[in-house]
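Asks: Protein sequences, first through last, are from chains Y and P. Our numbering applies: residue 1 is where the first sequence begins, and numbers increase by one. Our numbering applies: residue 189 is where the second sequence begins, and numbers increase by one.
Accuracy of the hints is not assured; some may be wrong.
[Said to hold, decoys possible] Taking lysine-lysine pairs in the DSS-like style, the calculated list, with each CA pair at most 25 Å apart, reads:
hint, chain 1, residue 1, chain 2, residue 2
1, P, K374, Y, K124
2, Y, K8, P, K276
3, P, K265, Y, K176
4, P, K309, Y, K2
5, P, K240, Y, K8
6, Y, K8, P, K346
7, P, K290, Y, K173
8, P, K265, Y, K2
9, P, K252, Y, K173
10, P, K240, Y, K186
11, Y, K52, P, K374
12, P, K240, Y, K102
13, P, K361, Y, K8
14, Y, K176, P, K346
15, Y, K158, P, K190
16, Y, K173, P, K346
[Said to hold, decoys possible] Computed Cβ-Cβ distance ranges for the label pairs, DEER-style:
hint, chain 1, residue 1, chain 2, residue 2, range
17, Y, G97, P, A371, 15 to 23 Å
18, P, V334, Y, D23, 45 to 53 Å
19, Y, K186, P, R239, 42 to 50 Å
20, Y, K88, P, V334, 22 to 30 Å
21, P, N337, Y, G175, 16 to 24 Å
22, Y, Q180, P, K240, 39 to 47 Å
[Claimed, not checked] Far from chain P, by Cβ distances over 10 Å, these chain Y residues were calculated:
hint, residue
23, T76
24, F82
25, D140
No lab work stands behind these hints, which were simulated from the structure alone. Idealized CB from N, CA, C, for every residue including glycine.
There are 2 protein chains.
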Amino acid sequence: MKNSLGAKTIVPTTPVWVVGTYDREGRPNVMTAAWGGICCSQPPCIYVSLRKATYTYNNIVERKAFTVSIPSETYTKEADCFGLTSGKTVDKFAATGLTPVKSGLVDAPYVKEFPLVIECKVLKIVEIGLHTEFIGEIMDVKADSVVLNEKKLLNIEKVNPIIWNPSGMTYHKVGKPVGQSVAIGKEI
Amino acid sequence: MKNSLGAKTIVPTTPVWVVGTYDREGRPNVMTAAWGGICCSQPPCIYVSLRKATYTYNNIVERKAFTVSIPSETYTKEADCFGLTSGKTVDKFAATGLTPVKSGLVDAPYVKEFPLVIECKVLKIVEIGLHTEFIGEIMDVKADSVVLNEKKLLNIEKVNPIIWNPSGMTYHKVGKPVGQSVAIGKEI
């Protein structure tokens with residue numbers, strides 16, 4: 001017999017994504033979003049869901065583009081900070097000492113110091129309720145050399161991303177591997 | 189200077205969600221999805237993105253409901269198995285010895301042995317490309333007593349969910365906590 005916990009968004013786990021945009025004056029802004037994920041393979045798409053009250057919301061509506069920069073564990077504090085203040089009143093790059101880099105592919109900036117970035121053009125905007133979902137087509141994924149293995153493939157241990165647990169409001173490391181997909185299920 | 193990896197869905201990390209549905213004849217089915225996440229706080233919503241070729245796709249279109257059962261690490265093999273075969277030809281519950289339970293709230297079954305389940309009614313269907321996104325309003329979240337703490341709140345260490353890394357096709361444990369959100373960012 002399972003216990004009812006109510007209709008809540010307390011599902012583990014979510015990513016910790018830093019969404020980069022330009023405002024009307026061309027000032028770079030970042031905010032941290034946990035309501036995000038991959039939503040299509042062809043075209044390759046991710047989404048972020050944002051409240052209309054965020055500064056980023058209008059930036060994406062106007063520029064039709066955003067980036068997602070993935071912080072490594074080293075930048076957990078900065079990622080949390082990016083979710084605490086608004087670009088309406090704070091220059092979050094200046095506040096944290098991090099560096100905006102203009103994407104060459106989409107009209108949005110990413111965070112230079114974060115090891116992995118995704119550059120997106122808005123494909124669809126879906127009104128859900130308090131949150132609006134921005135579905136972005138991935139134009140490119142870019143990574144620092146230090147997070148690639150010898151075959152130039154992305155190594156998750158080297159990226160060392162953090163994830164978020166909505167039920168405990170805690171950030172976590174990615175833990176040890178426990179199996180290869182499309183493989184261990186064949187043992188059944 | 190960052191290295192271009194191409195327009196690929198290789199972003200770490202995704203959840204490992206087992207989507208439960210009934211087919212036209214009322215037979216319970218499950219499939220594992222990694223393209224899923226939380227997408228709205230009010231109403232509380234999650235989504236799963238599925239290819240039209242999946243058996244689950246038609247089940248959700250017809251029943252307008254699905255559940256998500258979260259496997260603990262113990263069930264990594266079963267979760268992988270659920271993504272390898274189709275409900276068109278295989279009774280996945282029988283194949284794995286797991287037990288379908290009819291939800292009392294939505295027209296879909298969940299997996300009894302998994303510690304955490306989310307019951308959803310379809311709110312929106314969004315065509316993206318190869319994948320169709322089913323946005324489901326959360327009707328309830330249910331958990332086994334053994335994954336709750338003394339205050340009856342969900343404990344992620346006890347749930348012991350797995351996550352997936354698309355770039356390496358590996359399942360991972362959730363690692364150690366590295367900070368409290370809406371807290372550690374204030375130190376900056």
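Asks: For every hint, state whether the structure bears it out.
Replies: Hints, one by one, checked against the model:
For the hint linking K374 of chain P to K124 of chain Y, the alpha-carbon distance of about 34 Å lies beyond 25 Å, and the restraint is violated. Using a Cα cut-off of 25 Å, the hinted pair K8 of chain Y and K276 of chain P is violated, with the two alpha carbons roughly 32 Å apart. The straight-line distance between the Cα atoms of K265 of chain P and K176 of chain Y is roughly 16 Å, inside the 25 Å bound, and the hint therefore holds. For a cut-off of 25 Å, the pair hint linking K309 of chain P to K2 of chain Y stands: about 19 Å separates their Cα positions.
Of the pairs offered as hints, the one joining K240 of chain P and K8 of chain Y is violated, with about 28 Å between alpha carbons and a cut-off of 25 Å exceeded. Straight-line distance between C-alpha atoms of K8 of chain Y and K346 of chain P comes to about 19 Å, which keeps the hinted pair within the 25 Å bound. In summary, the hint linking K290 of chain P to K173 of chain Y is not supported, as the alpha carbons are separated by about 35 Å, beyond the 25 Å threshold. Restraint check for K265 of chain P and K2 of chain Y: the C-alpha separation of about 23 Å stays at or below 25 Å, so the hint holds.
As the CA atoms of K252 of chain P and K173 of chain Y are separated by approximately 36 Å, the hinted pair breaks the 25 Å bound. Of the pairs offered as hints, the one joining K240 of chain P and K186 of chain Y holds, with about 24 Å between alpha carbons and a cut-off of 25 Å not exceeded. For the hint linking K52 of chain Y to K374 of chain P, the alpha-carbon distance of about 24 Å falls within 25 Å, and the restraint holds. Simply put, K240 of chain P and K102 of chain Y have alpha-carbon atoms about 37 Å apart, too far for the 25 Å limit, and the pair is violated.
Distance restraint check for K361 of chain P and K8 of chain Y: the Cα-Cα separation of roughly 23 Å lies within the 25 Å cut-off, and the hinted pair is therefore satisfied. Note on K176 of chain Y and K346 of chain P: the hinted pairing holds, with a Cα-Cα distance of about 16 Å set against a maximum of 25 Å. Our distance criterion of 25 Å between C-alpha atoms is met by K158 of chain Y and K190 of chain P, whose separation comes to about 15 Å. This hinted pair checks out: K173 of chain Y and K346 of chain P have alpha carbons roughly 16 Å apart, not beyond 25 Å.
The supplied range of 15 to 23 Å is met by G97 of chain Y and A371 of chain P, whose beta-carbon atoms lie about 20 Å from each other. Look at V334 of chain P against D23 of chain Y: about 48 Å separates their beta carbons, and that is inside 45 to 53 Å. Here the CB-CB span from K186 of chain Y to R239 of chain P is close to 21 Å, at odds with the stated 42 to 50 Å. Evaluation of the 22 to 30 Å hint for K88 of chain Y and V334 of chain P yields a failure: the beta carbon distance comes to about 45 Å.
Between N337 of chain P and G175 of chain Y, the C-beta spacing of about 20 Å keeps the proposed range 16 to 24 Å intact. For Q180 of chain Y paired with K240 of chain P, a C-beta distance near 27 Å fails the hint of 39 to 47 Å. With 10 Å as the threshold on Cβ separation, the claim that T76 of chain Y sits away from chain P is violated: the shortest Cβ distance comes to roughly 5 Å. The claim that F82 of chain Y lies off the interface is violated: its Cβ sits roughly 7 Å from the closest Cβ of chain P, which falls inside the 10 Å cut-off.
Once the 10 Å rule is applied to beta carbons, D140 of chain Y is inconsistent with being away from chain P; the minimum gap is 5 Å.
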